[in-house]
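2 protein chains.
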Amino acid sequence: MHHTTPWEYRYAHRTSRMGSSVIRELLKLTEQPDIISFGGGLPAPEVFPVKQFQEACNIVLNEQGAQALQYGTTEGYRPLREMIARHNARFSVEVSPDNIMITSGSQQALDFIGRLFINRGDYIVVESPTYLGALQAWNAYGAQYVSVPSDEHGMIVDELEKALRVGPKFIYILPNFQNPSGSTLSLERRKKLVELADKYGVPIVEDDPYGQLRYEGEHLPSVVQLDSQMRGPNGGTYTGNVIYLSTFSKLLAPGIRLAWVIAPPEVTRKLVMAKQAADLHTATFNQIVAYEVAKGGFLDEHVKVIRATYKERRDVMMETMEEVFPSEAHWAHPEGGMFLWGILPQGMDAAEVLKVAIEKKVAFVPGFAFHPNGGGENTMRLNFSYCQPDVIREGITRLGLTLKEMLRNNGK
Amino acid sequence: MHHTTPWEYRYAHRTSRMGSSVIRELLKLTEQPDIISFGGGLPAPEVFPVKQFQEACNIVLNEQGAQALQYGTTEGYRPLREMIARHNARFSVEVSPDNIMITSGSQQALDFIGRLFINRGDYIVVESPTYLGALQAWNAYGAQYVSVPSDEHGMIVDELEKALRVGPKFIYILPNFQNPSGSTLSLERRKKLVELADKYGVPIVEDDPYGQLRYEGEHLPSVVQLDSQMRGPNGGTYTGNVIYLSTFSKLLAPGIRLAWVIAPPEVTRKLVMAKQAADLHTATFNQIVAYEVAKGGFLDEHVKVIRATYKERRDVMMETMEEVFPSEAHWAHPEGGMFLWGILPQGMDAAEVLKVAIEKKVAFVPGFAFHPNGGGENTMRLNFSYCQPDVIREGITRLGLTLKEMLRNNGK
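Chains X and D, in that order, are what the protein sequence lines are.
Under the working numbering, the first residue of the first sequence carries the number 1, and numbering increases by one thereafter.
Under the working numbering, the first residue of the second sequence carries the number 1, and numbering increases by one thereafter.
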């Protein structure tokens, strides 16, 4: 018997459902400096507003250092919550600070939603493919998944009704520039989604980290906005069907771990209790500094810089794929966000491709990882936000060569 | 039927075990500027090293802004983990960075311990009274508690053996200047605790937020140190019986939410998986800034300032109690930490006292809140770290008057 501690025999049942993820292993690869990684989901460090952040740190520590370094309230720094409420008003969603809780990244909101709502064995309706972080968060609570297929316009909502009839706890959807597929749910499907959810009494979790990162086409109303409109005036506090998540990770910086959740007030109160038990509150300092950076409207200007940077990188990636990828491969055209979805010929296994690609010092995430009920073996997720354009060109060229070689060898 | 959202009927079973805590309600009272509150557990803002923190923010953003604002690894910033390992070496505990994970406050470590180890109905051995935050964290996982009584020298370890025979998952103990009782576990009892835990194969969670805040007497070895010594040389990586928690909240500032957990490597790996699903990682920026503040040995000097400040406040509180409290009341003499434990005459209800005290604009936490299996109705927790000395004198005077009045009225 190998050496053990008594802890080893004491794990709770849910521990068996935790797994170290493919993405985590890939993030480790990205730490090797010689790998070109399209595997992570990192923002470009070139667009971090370091100077503005530094100014804000100095102002906050000069003017309210004692408050910024002290314990704070669990729901979050009130001026920040009020600012988020005003931001939503611009998109015609009437929410009050009572609808809003600050979280340590959207991952934490996903965890709390699992904690509040998922009994072991409960079904959650997800897009196929869907966001891996949500699956990781909810697997620990024993969730099962009903996958609804999606195409370039997002979830195929005509297939949703069947899924709603199995009695799921909620629907999870990323309507804008989805992670991993890059797809955007069409306006028609958004409306149908809101109606069907209302018809079956099944609520919706809308995860929207990239909504403002649109590089072409028109902004579409969020699902929470459509739900709110359907219900009519609400007296300033949202009491509808949707829990909405968004984040400062893509607009400001992920390293400060700052996001928010919008929910009906009764749910927000429960979220606050969950957060109190989980980590008391999100760092006061980070919240006040983010408020200081954002309060004068800086993010409205800054997001234009991010959009220009990522649009260029997306375009370079697609152009290079056009040049170097084998004609058997296809890919979607994302209108925003950070990810491009590649589709290899049927029967080709992206996990096998990854093994060869890593030898050529280029990485991505095989698409099967995003399918909770299997499938997607011939798909791949490519991040275009992190690497600089010339690096993208080099990495995609290596990947194109890898694919062509493998297809040639298979053909033999 | 009142207006509801579909969420209201969808809460998971564990949600019923979440409650908004007494402490939380009391923290709300402390937000009223005219209340003198001994209820919270706040550090003195006067000792926050605002200047050092500001300098560190500037250095970090100038020199490694891109890294500090980017996503980081789940286990935490390696130089910070290495620094914590070196710090432990000074106290003769051989730990490697593989033993250490950074958490968003110790509350998060408590939550993860619950997530990893507690099946619904499992028993945890706790001191009576014990830390409320741990109960809140573990109630959500369906824990039950075996209370072992304690006195001014901490848990009465002679009573522990009986508790270990019920088959508990682990023992939870705060050996230094316990929250809430202020008691310190004697060296003899620490040794006995380590031996008994080893004899029964029941592991220990040692929660040590205040260990360095000692105002008199000799530093005692931590439980993890004694366990480590008992096992002998370990090759630089701890593989013993104890999970050890500590925090920067009391030494640096709580508003940055930065703490650490030391565990056998196999447990640390599972903690990392839990954290990955829960919030990906603790804010990179906060970790690098804390490292920058601490790396040159600043905290060794700074802790002397904190000790001097809190010792004065403790002494003022005890002196004033001596003057104004009725002779029927007693209190313990804490050698460190942030809390003083008051004992009222048997039959007097501290919750009733609180109601009257709040009218007189002074607050504390009734001791029953810290007893998971009942008891302690005549006890109260008084925080002495937050209020300045003259405020402590005024608040304790009001409280003394309240107690005398109530005793007089009861006597009628």
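Heads up, some of the hints might be wrong.
Rough simulated footprint, nothing fancy, chain D against chain X, three-plus residues with beta-carbon under 8 Å [claimed, not checked]:
1. 49 to 59
2. 129 to 143
3. 273 to 282
For the record, the hints were derived by calculation from the structure and aren't laboratory data.
Cβ atoms here follow ideal geometry from the backbone N, Cα and C, with glycine treated the same way.
Quick rundown of the hints versus the structure:
no., hint, verdict
1, 49 to 59, "holds (count 5)"
2, 129 to 143, "holds (count 6)"
3, 273 to 282, "holds (count 9)"
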